[in-house]
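Sequence lines, in order, name chains R and B. In terms of the working numbering, the first sequence has 61 at position 61, counting the first letter as 1, and numbering is strictly consecutive. In terms of the working numbering, the second sequence has 5 at position 5, counting the first letter as 1, and numbering is strictly consecutive.
Think of the hints as simulated: they come from the structure by calculation, not from any bench. Hints are supplied without guarantee of correctness; some may be wrong.
[To be verified] Covered by chain B, according to a simulated footprint, are these stretches of chain R (three or more residues, beta-carbon under 8 Å):
1) 41-53
2) 68-82
3) 85-91
[Claimed, not checked] Examples of chain R residues lying across from chain B (beta carbon under 7 Å, computed):
4) Thr3
5) Arg26
6) Glu29
7) Phe60
8) Leu64
[Unchecked claim] 20 Å max Cα-Cα, derived EDC-like pairs, lysine to aspartate or glutamate:
9) Lys12/B / Glu4/R
10) Lys73/B / Asp48/B
11) Lys12/R / Asp48/B
12) Lys8/B / Glu11/R
13) Lys8/R / Asp48/B
14) Lys8/B / Glu7/R
Just so you know, these numbers come straight off a predicted model, no measurement behind them. We treat Cβ as the ideally placed atom computed from N, Cα and C, and that holds for glycine.
Number of protein chains: 2
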Amino acid sequence: MITEATEKHREKACALLMADAEKILRLIEVQIENLTMPQCPLYEEVLDTQMYGLSREIDFAVRLGLVEESKGKEILDNLEKQLNILHEAAQHSL
Amino acid sequence: MITEATEKHREKACALLMADAEKILRLIEVQIENLTMPQCPLYEEVLDTQMYGLSREIDFAVRLGLVEESKGKEILDNLEKQLNILHEAAQHSL
């Protein structure tokens, strides 16, 4: 039984997760612009920590039944794809 | 307006967070029993990562409106208190 309240929570959970993924992307974008060195270990650590945090949020939302597992995976996959595009663009501009 | 479905999500969110806190406590307990060295950097890293993951889950639940900020803080504070008790017991048994 999906009530209106549940539907709202689902939508909010999804919106929050996508906003958090977007935040990571912006953070990495700023780091690349300012450091222009994606090989920096500190950069990798920041990215790893952020990705881990997001994956924990997604896992939590899935366990709560607010987000489908496939949707959660899609959010992470999309973010990784966009990060790869950023990395490649940064490497070509070196 | 709090519907029954929202109430269920609130309860489930809280139960999941407390179970995750409990899991960290058990993990650290096992580590202390087997390593008997809380000064080990790897141990600290595991604990930091786990605490960070839990705090991200709690923050997410608070932003979703499923858990009160004070309740989230209480879960983290309780866990830290219990970890301190474990640490002290481990140090005295050395």
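How the hints compare with the structure:
| no. | hint | result |
| --- | --- | --- |
| 1 | 41-53 | holds (count 3) |
| 2 | 68-82 | violated (count 0) |
| 3 | 85-91 | violated (count 0) |
| 4 | Thr3 | holds (4 Å) |
| 5 | Arg26 | violated (18 Å) |
| 6 | Glu29 | violated (21 Å) |
| 7 | Phe60 | holds (4 Å) |
| 8 | Leu64 | holds (6 Å) |
| 9 | Lys12/B / Glu4/R | holds (18 Å) |
| 10 | Lys73/B / Asp48/B | holds (17 Å) |
| 11 | Lys12/R / Asp48/B | violated (28 Å) |
| 12 | Lys8/B / Glu11/R | holds (17 Å) |
| 13 | Lys8/R / Asp48/B | violated (33 Å) |
| 14 | Lys8/B / Glu7/R | holds (13 Å) |
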